[in-house]
Amino acid sequence: MNRPIIECRGLHKWYSGVHALKGVNLAVASGESIGLVGDNGAGKSTLIKILSGVHRPDQGEIFLEGQRVDIRNPKHAMQLGIETIYQYNSMVPTMSIARNLFVGREPLKFAIAGFGIMDQKRMRQESVQAIADVELHVRSPDAIVSELSGGQRQGVAIARAMHFKSKILVLDEPTNHLSVKETNKVLGFIRGLKAQNVTGIFISHNMHHVFQSCDRIIAMARGEIVFDKPVGETSVEEVQELL
Amino acid sequence: MRRLLKIYMEKPELAGVVLLVVLAAVFQVRSNGIFLSAENLRGVLGFMPELGLVAIGVTILMICGEFDLSVGSVFALAPMVFAITLDDGVPFVPALLLGLLIAAGIGFINGYVTIRFAIPSFIATLGMLFMARSMTVVISGGFPPLLSSVPSWIFTQYVGPGGLVRMSFLWFVVIALLAGGLLSLTNFGNWIKSTGGHYEAAASMGIPVNRVKIISFMLCSVLAGFAGLIQVLRLNSPLPSIGDGLELQAVAAAVIGGTALTGGVGTVLGAIVGALLIREIDNGLVLSHVNANWFKFAIGALTVFAVVANSWLRRTARRIKVQVDNEPAHHRVSRPA
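Residue numbers (this note's numbering), protein chains in the order written: chain A, 21 to 263; chain B, 986 to 1322.
Straight-line distance between alpha carbons at most 30 Å, and here's what the computed DSSO-like set of lysine-lysine pairs gives:
1. A:Lys95 with A:Lys141
2. A:Lys249 with A:Lys185
3. A:Lys129 with A:Lys95
4. A:Lys185 with A:Lys141
5. A:Lys141 with A:Lys129
6. A:Lys129 with B:Lys996
7. A:Lys185 with A:Lys95
8. B:Lys996 with A:Lys141
9. A:Lys141 with B:Lys991
10. A:Lys187 with A:Lys42
11. A:Lys249 with A:Lys214
12. A:Lys201 with B:Lys991
If you are wondering where the hints come from, they were derived from the structure by calculation, not from laboratory data.
Throw the hints in and build the complete structure from the sequences for me.
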């Protein structure tokens, strides 16, 4: 295995008395895509919330490319190159694609203390490129996100992560509430991550989705990792049996 | 053609402009040509900035996903603070700034209470509506000071061709341009829209959502206080009762101009069109010899009509999209395979 791009050592998390993570150790290689499965309450969400800066671990360490990091908040996680796409997608439905792509990271023509005039021309141009890069077809960067289908929205979210050169993309149930066709599109996006050398951590309830798009399956139960095998050495049945 | 229609339908404030023109024509005929006379326009535009500024503030806050019912009370409190400190011998400019500072403070409290205790801003600002009004009456001591020898010309002086507008109108135009620019051109405007459009998404993208909300509350309050100052300098006396019911007129103006109560949607232009429509109807009904008590009925009916019409327009515009989608592919952002 190459040097891991991200490594967790002995992560613990308690929520008001509930021991949600019990010493999780996990190393992910650069460009690898991990399928993280497990029942509700197994600790998947807690783990990815720690990686995306929403929560902080009570105990344990995280290493990013060998460097110890303390992920303070979602913005900090993004600065470190960890981008998260949530199930109820991270797009603002009332805004255009271009504005959504750059929300929180708008290119500015000039600025005083971080506030300033957005370079909207650049936002449009770059979002056209970013969307094309993930082979997504939408009419225009000015289209309002609420007019897009669920799969297209996830596509734009992935395009956004790519555009900002994220090293690690965490996808939290990105295929929920999507039609079969849309789901296949999203699974295609996930398979495409490797070509761009992006590491993917894909959380799903659906074993088949995970097996179709990942290199390695990790299963969690009761706050611990209970299973960890490459896709080639296991089967949907084996993992299902275990959970 | 269809494209133009869709663009038009997605902008409810444009429908408002059409209504504005149609109503102007109706009132012009009904009032035997008085409505559009310079003399009358002067009157309409003279009052317009006061409601307009409050409506702009309320609109920005509504886009951010929150609500302020206390603007009518702040409209009275800020100028009362100004008048009393002026009466105590403080110079004009510091007194004016103090009034605005108090307004900003009220906005901060509204925002802080809403966020800290996670209660609806409707409730937090309803409480403030009563408290700020009460403070206004208390500090006035029942006998508000008369304003004498103040440079009220900075708001009331007639300017422009034929003295068509007051200075206050110029202030209004400048502030409206700044507010419009803030919303559509700056990154902060993008944050306001995203916070109101989808709070969780904005927060997960690292937008400081709570700070954005508090600043929007403060902006809204300061604009209401500033509008109150304009009115008080026009009337030359700070009555503690001014601005009563203004909060609902401002919300009506925002909604008529296409601002959604659910947040994320709205424009400064919409707020202005809404405020203009309200002033136009107010004035036009009187000039048409209609019983002036129908004014509130007309505003109420227009508000409901506007929301129903807007949601219909939006649905229809979306259906047009499907057809545009079937047009040849050169309209699309595509990449050679």
